[in-house]
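Novice: Take a look at the letters that make up each chain.
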Amino acid sequence: ETGVTQSPTHLIKTRGQQVTLRCSSQSGHNTVSWYQQALGQGPQFIFQYYREEENGRGNFPPRFSGLQFPNYSSELNVNALELDDSALYLCASSFVGGGPHNEQFFGPGTRLTVL
Amino acid sequence: QKEVEQDPGPLSVPEGAIVSLNCTYSNSAFQYFMWYRQYSRKGPELLMYTYSSGNKEDGRFTAQVDKSSKYISLFIRDSQPSDSATYLCAMSAKGSYIPTFGRGTSLIVHP
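Protein chains in written order, with my numbering: chain A, 5 to 119; chain B, 652 to 762.
Looking at chain A on its own, in the form it has when it is part of the complex:
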């Protein structure tokens, strides 16, 4: 059983550019969530995908968008990058439907720097 993987590990972009981050879910999981973690802060929920549909969204603007594919891998896209988008982006996969609480398994994150 493989864990959650994310790519790339690090990324440097300039303001106004667009970026795509990728996540491969843990085997058997059907849900993926994306979080933004600024330095010294806890993870902030961006959105969640369940069976390829958005299943909840945090307080992030529409320029943050995502996709979940049939194999449950996922992408996070951010358009018109701003300096404040610099953060660690975490992907977490889980299995929803197995009980009242689903444990989320996090990937190592992608560190995005916007200059």
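Note that these hints are calculated values from the structure, not bench results.
Note that the structure is a prediction, hence the values are computed from the model and not measured.
Quick reminder that beta carbons are idealized off the backbone N, C-alpha and C, glycines included.
Worth double-checking, as some hints may not be accurate.
[Stated by the list, open to error] Short derived list, chain A residues pointing at chain B, Cβ under 8 Å: (1) G32; (2) T35; (3) G44; (4) P47; (5) Q52; (6) L85; (7) G113; (8) T117.
Once you have looked at the hints, place chain B on chain A.
Specialist: Then chain B, alone, in the frame of chain A:
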């Protein structure tokens, strides 16, 4: 006021000490309470979760939830240098699969 408050520290203790980490929250709908450990440059990993009030023990770790005070704690006994990490509390309401995280407490256990 944030929904979940957590002192960022750092908390520095000698090896072998008992560590107490805490969070307070304001949303009375929270029913599931979790503690994550995050090493530098890594993603968070779930240490423990509890449902509603009470205590839960797992090895050197004990999680406590006091819903009447909206206060949760994580105790680490016989702390080790390998416990040095950031500890994040997280909580969610019943039926919600989306946890709200605290900002994390940085713990340093020195030999």
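Novice: Holds or violated: is there a CB of chain B closer than 8 Å to the CB of A:Q52?
Specialist: Because about 6 Å separates A:Q52 from the closest Cβ in chain B, which is inside the 8 Å limit, the hint holds.
Novice: Using Cβ atoms only, decide whether A:P47 comes closer than 8 Å to chain B, and label the hint accordingly.
Specialist: A:P47 check passes; min Cβ-Cβ to chain B is 5 Å, inside 8 Å.
Novice: Quick check on the hint: A:G44 CB to chain B CB, less than 8 Å?
Specialist: Holds: closest Cβ of chain B sits about 6 Å from A:G44, inside 8 Å.
Novice: Given a cut of 8 Å on the nearest C-beta pair, is the interface hint for A:G113 held or broken against chain B?
Specialist: With a closest approach of 5 Å, the A:G113 hint holds.
Novice: Go through the hint on A:G32 and say holds or violated, using the shortest Cβ distance to chain B against 8 Å.
Specialist: It is violated, given that the least Cβ distance between A:G32 and chain B is near 16 Å, above 8 Å.
Novice: For the hint on A:T117, does the least C-beta distance to chain B fall short of 8 Å?
Specialist: Cβ of A:T117 sits 14 Å from chain B, so the hint is violated.
Novice: May I ask you to test the interface hint for A:T35 with respect to chain B, counting a Cβ-Cβ separation under 8 Å as satisfied?
Specialist: At 7 Å from the nearest chain B Cβ, A:T35 passes the 8 Å test, so the hint holds.
Novice: Does the nearest C-beta of chain B fall within a distance shorter than 8 Å of the C-beta of A:L85?
Specialist: Violated: closest Cβ of chain B sits about 22 Å from A:L85, beyond 8 Å.
Taken one by one, the earlier hints fail for this structure at numbers 1, 6, 8, listed in ascending order.
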